[in-house]
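Peer 1: Sequence:
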Amino acid sequence: DVVGNEKPSGEEENKEEQIKRGSNTANAKRPTTTTSSAIQDALGQWAPLLSIPSVKRTVILNGCYWVALSGAQMTLLPLMLTNPAGLALSASSLGKIYMGMSVVQVFGNPSVARVVDRIGKVPSIIGGCTAISTAMFAVPFCTDTYQLAIALGFWSLGSTALSTAPMAHMADLVPTEKRAQALALLRTAGDIGFLFGATGTGALANWTGSMDLAMQGCSAFLLTATCWYT
661 DVVGNEKPSG EEENKEEQIK RGSNTANAKR PTTTTSSAIQ DALGQWAPLL
711 SIPSVKRTVI LNGCYWVALS GAQMTLLPLM LTNPAGLALS ASSLGKIYMG
761 MSVVQVFGNP SVARVVDRIG KVPSIIGGCT AISTAMFAVP FCTDTYQLAI
811 ALGFWSLGST ALSTAPMAHM ADLVPTEKRA QALALLRTAG DIGFLFGATG
861 TGALANWTGS MDLAMQGCSA FLLTATCWYT
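So for the sequence shown, my numbering puts the first residue at 661; every next one is plus one.
It should be emphasised that the hints constitute simulated quantities derived from the structure, not laboratory data.
Just so you know, these numbers come straight off a predicted model, no measurement behind them.
Be aware that one or more of the hints could be misleading.
Computed spacing ranges between beta-carbons, pair by pair [claimed, not checked]: (1) Pro783 to Pro744: 23 to 29 Å; (2) Cys887 to Ser696: 35 to 41 Å; (3) Ser714 to Ser823: 17 to 23 Å; (4) Trp867 to Gln705: 23 to 29 Å; (5) Pro744 to Gln705: 36 to 42 Å; (6) Cys887 to Ala828: 40 to 46 Å; (7) Gly869 to Pro713: 54 to 60 Å; (8) Pro783 to Ala863: 47 to 53 Å; (9) Ala748 to Pro713: 29 to 35 Å; (10) Thr836 to Lys716: 18 to 24 Å; (11) Phe801 to Trp888: 42 to 48 Å; (12) Thr884 to Ser696: 33 to 39 Å; (13) Ser697 to Pro744: 51 to 57 Å.
Note that the Cβ used here is the ideal one computed from N, Cα and C, for glycine as well.
Just need the whole structure built from these sequences, with the hints factored in.
Peer 2: Written out as structure tokens, the structure reads:
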């Protein structure tokens with residue numbers, strides 16, 4: 661009984677502390693290892709998909725589309741429409757403009773989806789990108805709200821086509837068991853494009869001193885990517 665109640669020696673205590681520290685270190689590293697493994701696993705599954713030429717081209721074009729869209733629609737368009745030297749729209753008028761674009765997309769989705777199914781995904785992608793790039797080029801020349809409504813109407817229809825056609829096309833290009841990864845790859849390319857598009861377009865507008873020129877630069881970029889895709 662006396663022996664059983666003896667305190668552990670200093671050497672044994674040190675060993676226990678080392679074991680605890682080792683366990684804590686392992687636990688601290690485990691999330692990093694898990695995250696790294698998840699990234700490597702995703703890249704490992706995307707690499708075979710990107711080896712398919714049509715998949716690779718669609719992913720790149722989708723990224724380019726979001727570069728142009730984030731730069732033009734999310735960054736430049738609000739500034740251009742509220743610019744006192746231009747149309748000088750109020751905040752409420754600007755909100756109505758964006759609401760109108762959303763209304764076109766909401767009510768246009770069924771009709772555009774039927775067109776996509778009828779003429780094919782690739783022609784719809786090309787048509788949507790062409791409509792958007794044309795609208796981007798035309799917006800700086802709009803001198804009243806009627807002209808602006810026409811330009812943004814084409815812009816919204818093009819965006820509606822590109823919200824459906826690329827995903828449907830990717831689903832057709834890969835086996836059923838790879839569709840989720842293919843759509844994740846497509847979405848990631850769009851997110852990366854969104855990330856760099858807004859920053860790059862804003863920097864271009866500051867460098868050139870012209871939002872109109874930056875808007876038309878987005879148009880030229882998207883049109884060039886579309887020509888390459890074809």
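Peer 1: Could you work out which earlier hints the structure fails to respect and list their numbers in ascending sequence?
Peer 2: Of the numbered hints given earlier, those the structure breaks are 1, 4, 5, 6, 7, 8, 9, 11, listed in rising order.
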